[in-house]
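Novice: Chain by chain, the residues run as shown.
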Amino acid sequence: MRSGSGRGSFRPTWFWPTFAAPATFWLLAFFVVPFFVIMAIAFGGLDPVFLTPEPRYNPLDWQFGSFADVVSQLFSRESIYQQTFIRTLAYVTLATIGCLLIGYPVAYFIARHAARFKTAFLVAFIAPFWMSYMMRMFAWVNLLQEEGYVNRILVNLGLLPSPRLWLQGRPSTVIFGLIYGYVPFMILPLYAMLDRIDRSTLEAARDLGAGQIQTFRRITLPLSRQAIFAGCMIVTLPMFGDYYTQTLLASTRGTAMFGNLIVSSLESSLVNAGAALVLVMIALLIIPMVFYLRSTSRARELAG
Amino acid sequence: MPARGATTARRLLGWLMNPWAKARFLWVIALAYMLWTLLPVAIAVGFSFNAGKSQTAWQGFSVSRWYLDDVSSVWQDDSLRTALIQSLKLSTLTVLIAVPIGVAFGLAIDRWRGRVSRSANMVMLFSFITPEIAVAVALFLYFSQLATVIGLGLKAQVLGLSMYEIAYPVIIVQARLLSIGKEYEEAAMDLGASPMQALRRVLLPLLMPAIVASVGIVFATSIDNFVISQRLSIGASTQTVPILIYSTARTAPLPSLNALATITLFASTIMIAVAGLALRSASRRDRGGAAATAKIGLPVAGG
Numbered sequence: 001m002r003s004g005s006g007r008g009s010f011r012p013t014w015f016w017p018t019f020a021a022p023a024t025f026w027l028l029a030f031f032v033v034p035f036f037v038i039m040a041i042a043f044g045g046l047d048p049v050f051l052t053p054e055p056r057y058n059p060l061d062w063q064f065g066s067f068a069d070v071v072s073q074l075f076s077r078e079s080i081y082q083q084t085f086i087r088t089l090a091y092v093t094l095a096t097i098g099c100l101l102i103g104y105p106v107a108y109f110i111a112r113h114a115a116r117f118k119t120a121f122l123v124a125f126i127a128p129f130w131m132s133y134m135m136r137m138f139a140w141v142n143l144l145q146e147e148g149y150v151n152r153i154l155v156n157l158g159l160l161p162s163p164r165l166w167l168q169g170r171p172s173t174v175i176f177g178l179i180y181g182y183v184p185f186m187i188l189p190l191y192a193m194l195d196r197i198d199r200s201t202l203e204a205a206r207d208l209g210a211g212q213i214q215t216f217r218r219i220t221l222p223l224s225r226q227a228i229f230a231g232c233m234i235v236t237l238p239m240f241g242d243y244y245t246q247t248l249l250a251s252t253r254g255t256a257m258f259g260n261l262i263v264s265s266l267e268s269s270l271v272n273a274g275a276a277l278v279l280v281m282i283a284l285l286i287i288p289m290v291f292y293l294r295s296t297s298r299a300r301e302l303a304g
Numbered sequence: 001m002p003a004r005g006a007t008t009a010r011r012l013l014g015w016l017m018n019p020w021a022k023a024r025f026l027w028v029i030a031l032a033y034m035l036w037t038l039l040p041v042a043i044a045v046g047f048s049f050n051a052g053k054s055q056t057a058w059q060g061f062s063v064s065r066w067y068l069d070d071v072s073s074v075w076q077d078d079s080l081r082t083a084l085i086q087s088l089k090l091s092t093l094t095v096l097i098a099v100p101i102g103v104a105f106g107l108a109i110d111r112w113r114g115r116v117s118r119s120a121n122m123v124m125l126f127s128f129i130t131p132e133i134a135v136a137v138a139l140f141l142y143f144s145q146l147a148t149v150i151g152l153g154l155k156a157q158v159l160g161l162s163m164y165e166i167a168y169p170v171i172i173v174q175a176r177l178l179s180i181g182k183e184y185e186e187a188a189m190d191l192g193a194s195p196m197q198a199l200r201r202v203l204l205p206l207l208m209p210a211i212v213a214s215v216g217i218v219f220a221t222s223i224d225n226f227v228i229s230q231r232l233s234i235g236a237s238t239q240t241v242p243i244l245i246y247s248t249a250r251t252a253p254l255p256s257l258n259a260l261a262t263i264t265l266f267a268s269t270i271m272i273a274v275a276g277l278a279l280r281s282a283s284r285r286d287r288g289g290a291a292a293t294a295k296i297g298l299p300v301a302g303g
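Residue numbers (the numbering used here), protein chains in the order written: chain A, 1 to 304; chain B, 1 to 303.
Source of the hints: derived by calculation from the structure; they are not laboratory data.
Only a predicted model underlies this, so the values are computations on that prediction, with no experimental measurement involved.
Glycine included, each C-beta is placed from N, C-alpha and C at the ideal position.
Check the hints yourself; a few may be wrong.
To be verified - Have a look at the derived ranges for each label pair, beta carbon to beta carbon:
{"#": "1", "chain 1": "A", "residue 1": "N58", "chain 2": "B", "residue 2": "D190", "range": "37 to 45 Å"}
{"#": "2", "chain 1": "A", "residue 1": "E78", "chain 2": "B", "residue 2": "L68", "range": "38 to 46 Å"}
{"#": "3", "chain 1": "B", "residue 1": "G14", "chain 2": "A", "residue 2": "L101", "range": "18 to 26 Å"}
{"#": "4", "chain 1": "A", "residue 1": "F117", "chain 2": "B", "residue 2": "D190", "range": "29 to 37 Å"}
{"#": "5", "chain 1": "A", "residue 1": "L101", "chain 2": "B", "residue 2": "T82", "range": "36 to 44 Å"}
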């Protein structure tokens, strides 16, 4: 395989591993081990007096009692865990659909119709992707205040009889915030795919008598199916762990999401439960995560 | 009246959907989308120049009240200034760690194909797509239960965030290596360069745009990072700008918070622009033939 062999210098076998070592150590020390600590705490014990966690680092000592407790609460009706979990599923599903409905036409537009404004549009569409999420949410907190611009405009246009309290625990505001926050992440993969579709394929379809809509339905849409999947994954995975959107735009118990559950159990010293909830979340998301990694690595192999 | 409204609506719809004209329908959606995403942020930036105390009503223009002059301006208010300094410190330190080890890792994983490297790469990818809250909780428990020598605070924030950010330089470097190939370093080594020389004088200059881009992106994403920095912070002294925005957005509305957010937005925008320009110049050069510009030993980034 080594094409430069024969003359010249060789790389010793330790050469590249040495370069990979620092980052590998970093990933082991600050990613793999911390996840082991989560398990040691979720499957560990509790101090009977102070109720502080007693991590067990030997897997043979692990007990699954309190973890099973958390899981069974997820399956029992009327528990806060289950309500929150179902609510999160509903919010995330609706917000993902919203992101797709907004993101697809926008990505389609940049890929096909922006023409000479393409770079300008692309920059404008990517900009929010790199802006601080907090800043973007904060902007909406100001706009949605009782005396904010949104209420003033809606009341002046006669669309609302009186100012509405948008920030007082409305599910619709939370879903709106999630869509606003994550839609740029959806646009990028969709754009990358739509831009790659060969124009001659589309022209061929048109030449063979397909109309605009039929071309879209039978050529563009099937070809972008993988990007739709990737885009949905990219927005769904972080949304599942999102707690700050809800806190900023609603902050009521009735709109709490799964992430809020994790954070609040840590903050109220229910550390074991918090660790268990993180494990439950990962167990739920591991399959889509692996699928997503496989689909992107396959795409890279095709591209390379 | 309703009939006339209906005709106007139909005419408008006809204008939008006219299949023979340019796709007006899509133009309208795209422009509306752009307005919707960018206008709120622009308004928030605008209110940092409000002459009065309101964040919802415009009371005249003042360049510096909330930046410098007022007692609760970014410059004079302790918590705001601390947060800004803390954010800059955290993102600079994160860049200094994550970019070198990430670039080295990306390079090594690309050149050294084996079972170990493949697993390390897999772990890196997982660190990238695991929901941030899970990473943050894991790091929080790690620093508060196991690595108590380090404990929570700035050190933990830097260590945790630099791990989370490794993926950016790795992915950027690997993408760049796709268009560089192995020929240059092999040529250098055939001509008698040692592996280290080939790396330093051939590969590194070729990778310069990717390294600059990594610095920009890692800086911008760390200065904006919220979830990990919040979980690993302890008390007011380790609050960064996003944490401060999060905790005061709904309770203490003063335009100085907008000013603070505007400053970090400005910093991260510059860094992202630098990154974008570096990558663009690199890809443009590739199209013109990388071989022509990549003369061995000449620093490509300078030219």
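Novice: Against each hint, give a clear statement of whether it holds in the structure.
Specialist: Hints, one by one, checked against the model:
1. Our hint of 37 to 45 Å for A/N58 and B/D190 is violated, since their Cβ atoms are close to 53 Å apart.
2. Take A/E78 and B/L68: their Cβ atoms lie about 55 Å apart, and the range 38 to 46 Å is violated.
3. Restraint check, B/G14 to A/L101: a C-beta distance of roughly 23 Å satisfies the suggested window 18 to 26 Å.
4. The beta-carbon spacing between A/F117 and B/D190, approximately 48 Å, falls outside the hinted interval of 29 to 37 Å.
5. In this structure the supplied range 36 to 44 Å holds for A/L101 paired with B/T82, their Cβ-Cβ distance being about 42 Å.
Checked against the numbered hints listed earlier, the structure breaks hints 1, 2, 4; every other hint is satisfied.
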